[in-house]
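Residue numbers (the working numbering), protein chains in the order written: chain A, 1 to 56; chain B, 1 to 538.
Hints may be right or wrong, so weigh each one.
Unchecked claim - Computed list of lysine to any residue pairs in SDA-like fashion (alpha-carbon distance at most 20 Å, straight line):
id: 1; chain 1: B; residue 1: 139; chain 2: A; residue 2: 52
id: 2; chain 1: B; residue 1: 46; chain 2: A; residue 2: 23
id: 3; chain 1: B; residue 1: 54; chain 2: A; residue 2: 40
id: 4; chain 1: B; residue 1: 371; chain 2: B; residue 2: 41
id: 5; chain 1: A; residue 1: 33; chain 2: B; residue 2: 36
id: 6; chain 1: B; residue 1: 297; chain 2: B; residue 2: 309
id: 7; chain 1: B; residue 1: 41; chain 2: A; residue 2: 46
id: 8; chain 1: A; residue 1: 33; chain 2: B; residue 2: 38
id: 9; chain 1: B; residue 1: 46; chain 2: A; residue 2: 46
id: 10; chain 1: B; residue 1: 41; chain 2: A; residue 2: 35
id: 11; chain 1: B; residue 1: 421; chain 2: B; residue 2: 273
id: 12; chain 1: B; residue 1: 83; chain 2: A; residue 2: 18
id: 13; chain 1: B; residue 1: 54; chain 2: A; residue 2: 34
id: 14; chain 1: B; residue 1: 65; chain 2: A; residue 2: 46
id: 15; chain 1: B; residue 1: 16; chain 2: B; residue 2: 65
id: 16; chain 1: B; residue 1: 312; chain 2: B; residue 2: 39
id: 17; chain 1: B; residue 1: 54; chain 2: A; residue 2: 33
id: 18; chain 1: B; residue 1: 46; chain 2: A; residue 2: 25
id: 19; chain 1: B; residue 1: 83; chain 2: A; residue 2: 43
id: 20; chain 1: B; residue 1: 371; chain 2: B; residue 2: 421
id: 21; chain 1: B; residue 1: 129; chain 2: B; residue 2: 110
id: 22; chain 1: B; residue 1: 41; chain 2: A; residue 2: 15
id: 23; chain 1: B; residue 1: 65; chain 2: A; residue 2: 41
id: 24; chain 1: B; residue 1: 83; chain 2: A; residue 2: 1
id: 25; chain 1: B; residue 1: 276; chain 2: B; residue 2: 419
id: 26; chain 1: B; residue 1: 16; chain 2: B; residue 2: 28
id: 27; chain 1: B; residue 1: 46; chain 2: A; residue 2: 30
id: 28; chain 1: B; residue 1: 54; chain 2: A; residue 2: 16
id: 29; chain 1: B; residue 1: 268; chain 2: B; residue 2: 39
id: 30; chain 1: A; residue 1: 33; chain 2: B; residue 2: 273
id: 31; chain 1: B; residue 1: 65; chain 2: A; residue 2: 2
id: 32; chain 1: B; residue 1: 46; chain 2: A; residue 2: 16
id: 33; chain 1: B; residue 1: 41; chain 2: A; residue 2: 30
id: 34; chain 1: B; residue 1: 65; chain 2: A; residue 2: 29
id: 35; chain 1: A; residue 1: 33; chain 2: B; residue 2: 419
id: 36; chain 1: B; residue 1: 65; chain 2: A; residue 2: 18
Read the hints as simulated data drawn from the structure, not as lab findings.
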Amino acid sequence: MEFVLKAILKVVKIALILFVVTFGIYMNNLENKLIFYVIRPLLNKHYDSQVRDRRV
Amino acid sequence: MNFSEFTDILVAPIDKALQRYDPIWLAENGKGGQRTRYNDKNGIEKYREWRGTKDTLRDYVAWLKNVGSMGQMVASAPVACLKGFWEYRWMGSYLGTFIFINRLFEGYRGEELKIANMHMHAITSSLTKKIAFVLKNDKRLGGGPDSDNIIPYDETLPPLYLMGFPGLTPVPLQTLPEFIICDIDQHIEPYYIDVAESMGLPADVCSRCSAETGVAIDDAFPIMGRGMLSSNMPCNASEATSSFQRRRIGLPDFPVTLAMQHQEEEGKDFSEQVLKDSMKFIEDIYGVKYDWNELFKYAKLMNEQNEIEMEKWDIFATPYSPLNGISETLYKLYEWQSVNGAEPMFNEVDRKVIKIMRDCVDKKYEAFGGKTRHRAFLWGPSAVYYTDFPTWAQNCWGINVVLNMDSTMGYNHIDTEDPVKAMRDLTEFSQRSCMRHHAVGGWDNINAVWDWAKRFNCDMIICNDNVACKGMNGVHAALEEQAAEYGMHWVWLEHDLEDSRTVSRQDMRKCINDYMSVVLGEEPLDATIVEFDDSEGY
Numbered sequence: 001m002e003f004v005l006k007a008i009l010k011v012v013k014i015a016l017i018l019f020v021v022t023f024g025i026y027m028n029n030l031e032n033k034l035i036f037y038v039i040r041p042l043l044n045k046h047y048d049s050q051v052r053d054r055r056v
Numbered sequence: 001m002n003f004s005e006f007t008d009i010l011v012a013p014i015d016k017a018l019q020r021y022d023p024i025w026l027a028e029n030g031k032g033g034q035r036t037r038y039n040d041k042n043g044i045e046k047y048r049e050w051r052g053t054k055d056t057l058r059d060y061v062a063w064l065k066n067v068g069s070m071g072q073m074v075a076s077a078p079v080a081c082l083k084g085f086w087e088y089r090w091m092g093s094y095l096g097t098f099i100f101i102n103r104l105f106e107g108y109r110g111e112e113l114k115i116a117n118m119h120m121h122a123i124t125s126s127l128t129k130k131i132a133f134v135l136k137n138d139k140r141l142g143g144g145p146d147s148d149n150i151i152p153y154d155e156t157l158p159p160l161y162l163m164g165f166p167g168l169t170p171v172p173l174q175t176l177p178e179f180i181i182c183d184i185d186q187h188i189e190p191y192y193i194d195v196a197e198s199m200g201l202p203a204d205v206c207s208r209c210s211a212e213t214g215v216a217i218d219d220a221f222p223i224m225g226r227g228m229l230s231s232n233m234p235c236n237a238s239e240a241t242s243s244f245q246r247r248r249i250g251l252p253d254f255p256v257t258l259a260m261q262h263q264e265e266e267g268k269d270f271s272e273q274v275l276k277d278s279m280k281f282i283e284d285i286y287g288v289k290y291d292w293n294e295l296f297k298y299a300k301l302m303n304e305q306n307e308i309e310m311e312k313w314d315i316f317a318t319p320y321s322p323l324n325g326i327s328e329t330l331y332k333l334y335e336w337q338s339v340n341g342a343e344p345m346f347n348e349v350d351r352k353v354i355k356i357m358r359d360c361v362d363k364k365y366e367a368f369g370g371k372t373r374h375r376a377f378l379w380g381p382s383a384v385y386y387t388d389f390p391t392w393a394q395n396c397w398g399i400n401v402v403l404n405m406d407s408t409m410g411y412n413h414i415d416t417e418d419p420v421k422a423m424r425d426l427t428e429f430s431q432r433s434c435m436r437h438h439a440v441g442g443w444d445n446i447n448a449v450w451d452w453a454k455r456f457n458c459d460m461i462i463c464n465d466n467v468a469c470k471g472m473n474g475v476h477a478a479l480e481e482q483a484a485e486y487g488m489h490w491v492w493l494e495h496d497l498e499d500s501r502t503v504s505r506q507d508m509r510k511c512i513n514d515y516m517s518v519v520l521g522e523e524p525l526d527a528t529i530v531e532f533d534d535s536e537g538y
């Protein structure tokens, strides 16, 4: 019984932490800030350096 | 008291305490509005919209589900996805999806938010699977087990009739690298347009066709299949880009040249023969026999979608539709043009949505807190998506876009027993696809805007004024004269389709701002979004 209770508590704790973390990311728009300010500029630098075989 | 009413009471104190973060409350109280939480120019939100406890949690769950779909995409084809991001500039633009979704549903609450999230998740789920499938089988990236079992076809053709080839998967060629992505990232197509123009293509053609040509020249179309179906749609510029694409892609090609004047019976005979010939082309190239029973399976799904759509239209005509604006038009465009009966998940979504809509009619539920002042029929293409125009129009001026032209495509019933009848039905259905049924299928299509507006009890028509569309430029005066005769509010919405440099998003909004403030003398619902600079944003 104690084991089951502990397991439930652990699941609740993990779920709570997951909720706080993901809701924090969601509410503060963190994933979009990371994409816009960090990832996309790096990708653009890569795309701009590509040599493409352009002809009609 | 039901469960929902009970939870409303529970969260009421929280909502009261946090209402100063709610942009609608801010606008109503002259303390700010939707734009308050944005960084200027780049359009990045400092924090997401607070919609009240229940709706914020609802939107958070929808976000989690969409994150899950994207995770699944990468997990299902990790190497191909990485290669895709590395190879294709347009893949990088898909990272802007969440910024796009946030903008689309600003101000959405309650039932309209519930439906919008269901619709967007259906699109995200379907699209991410398609991206993974295409990248996994893209011959440029090494190919995969289905590389030769894909039928690449021009995205303006409806894929339903191609579902009769067992073991083959139709994939719209332009949808992933050009069409969908132009809605998400306003800066991606100008790059491809520049590529096309650097090769000498004139700058005054339709920017979609120009961008498609740029994608072809930049070798940014995934290569798949053994032969492709191009099309004469939707106009002369489109024919030109089809030629550039077939040259560059280098696959055997069958041009599906459906009749442009499709209302005439003679046109149907011609189009039917063209469709049959294209089916023969696929049979010969792929060595697969057409199976009508396979087709009927999907035609039944498409018929159900259209039956539900007709019921939705009845509800659209009332003030009690929680489905409207961008949520309606973007979903319908994707469901019709890209899914076309091929994905049962969309039927499930439709069944759930129509149930919510029926309930809303019973409850006399008015969307957007009943703040709608005008009901508009919109005749607008891609530029209204990357501008999240319908959402802005409602939030700023209370203009509810009841229906967009993209939702008026083929809705005829397709026979599911007799191949001869089904062929004729498929012909009519295919002729009423994107663009052919809109600006370039003859005057009757354009002139139908009055019938559409009346059918949905609209008092306003917002009509696309594409600076590079030769077809629509010719009908200005005729439409303005009719608007005066019918006493309907008529607003031209200037844009350059996929080139936001020529006509910016703010230039587009200004068309409405001028009409609403100068002609109608109305005050905005949210003063922070009348004029703002989002030129650097996705």
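Structure-based check of all given hints:
Between residue 139(B) and residue 52(A) the CA atoms are separated by roughly 17 Å; this keeps the pair inside 20 Å, and the hint holds. In summary, the hint linking residue 46(B) to residue 23(A) is supported, as the alpha carbons are separated by about 15 Å, within the 20 Å threshold. Taking the CA atoms of residue 54(B) and residue 40(A), the gap is about 33 Å. The hint is violated against a cut of 20 Å. For the given pair, residue 371(B) sits about 28 Å from residue 41(B) by alpha-carbon distance, which is inconsistent with the 20 Å threshold.
Pair hint residue 33(A) plus residue 36(B) holds up; C-alpha atoms about 17 Å apart against a cutoff of 20 Å. For the proposed pair residue 297(B) and residue 309(B), the alpha carbon gap of about 19 Å is at most 20 Å, so the pair holds. Among the hinted pairs, residue 41(B) with residue 46(A) is inconsistent with the structure: their alpha-carbon atoms are about 24 Å apart, more than 20 Å. Between residue 33(A) and residue 38(B), the direct Cα distance comes to roughly 12 Å. Compliance with the 20 Å bound is thereby established for this hinted pair.
Proximity of residue 46(B) to residue 46(A) is assessed by CA-CA distance (about 27 Å); at most 20 Å being required, the pair is judged violated. Simply put, residue 41(B) and residue 35(A) have alpha-carbon atoms about 16 Å apart, close enough for the 20 Å limit, and the pair holds. Under the criterion of a C-alpha separation no larger than 20 Å, the hint pairing residue 421(B) with residue 273(B) is consistent with the structure, at around 14 Å. Pair hint residue 83(B) plus residue 18(A) does not hold up; C-alpha atoms about 31 Å apart against a cutoff of 20 Å.
With a C-alpha separation of about 27 Å, the suggested pair residue 54(B) and residue 34(A) falls outside the 20 Å cut-off, and the hint is violated. Proposed proximity of residue 65(B) and residue 46(A) is contradicted: the alpha carbons are some 30 Å apart, above 20 Å. For the proposed pair residue 16(B) and residue 65(B), the alpha carbon gap of about 28 Å is over 20 Å, so the pair is violated. For the hint linking residue 312(B) to residue 39(B), the alpha-carbon distance of about 38 Å lies beyond 20 Å, and the restraint is violated.
A distance of roughly 25 Å separates the Cα atoms of residue 54(B) and residue 33(A); the hinted pair therefore is violated under the 20 Å criterion. Between residue 46(B) and residue 25(A) the alpha-carbon distance is near 12 Å, which keeps this suggested pair within the 20 Å criterion. Taken as a hint, the residue 83(B) and residue 43(A) pair is honoured in the structure, with Cα atoms around 13 Å apart against an allowance of 20 Å. Distance hint between residue 371(B) and residue 421(B) is unfulfilled; the C-alpha atoms sit about 47 Å from each other, more than 20 Å.
With a C-alpha separation of about 29 Å, the suggested pair residue 129(B) and residue 110(B) falls outside the 20 Å cut-off, and the hint is violated. Taking the CA atoms of residue 41(B) and residue 15(A), the gap is about 37 Å. The hint is violated against a cut of 20 Å. For the given pair, residue 65(B) sits about 27 Å from residue 41(A) by alpha-carbon distance, which is inconsistent with the 20 Å threshold. Distance restraint check for residue 83(B) and residue 1(A): the Cα-Cα separation of roughly 51 Å exceeds the 20 Å cut-off, and the hinted pair is therefore not satisfied.
Distance restraint check for residue 276(B) and residue 419(B): the Cα-Cα separation of roughly 12 Å lies within the 20 Å cut-off, and the hinted pair is therefore satisfied. For a cut-off of 20 Å, the pair hint linking residue 16(B) to residue 28(B) stands: about 15 Å separates their Cα positions. Restraint check: the Cα-Cα separation between residue 46(B) and residue 30(A) comes to about 9 Å, which is no more than 20 Å; the hinted pair holds. Between residue 54(B) and residue 16(A), the direct Cα distance comes to roughly 18 Å. Compliance with the 20 Å bound is thereby established for this hinted pair.
A threshold of 20 Å between alpha carbons decides the hint, and for residue 268(B) with residue 39(B) the separation of about 53 Å lies outside it, so the pair is violated. Using a Cα cut-off of 20 Å, the hinted pair residue 33(A) and residue 273(B) is violated, with the two alpha carbons roughly 53 Å apart. Straight-line distance between C-alpha atoms of residue 65(B) and residue 2(A) comes to about 34 Å, which puts the hinted pair past the 20 Å bound. About 24 Å separates the Cα atoms of residue 46(B) and residue 16(A), which puts this hinted pair outside 20 Å; it is violated.
Between residue 41(B) and residue 30(A) the CA atoms are separated by roughly 18 Å; this keeps the pair inside 20 Å, and the hint holds. A C-alpha spacing of about 16 Å is found between residue 65(B) and residue 29(A), which places the hinted pair at or below 20 Å, so the restraint holds. At most 20 Å may separate the alpha-carbon atoms for a hinted pair to count; residue 33(A) and residue 419(B) exceed this at roughly 53 Å. A threshold of 20 Å between alpha carbons decides the hint, and for residue 65(B) with residue 18(A) the separation of about 14 Å falls inside it, so the pair holds.
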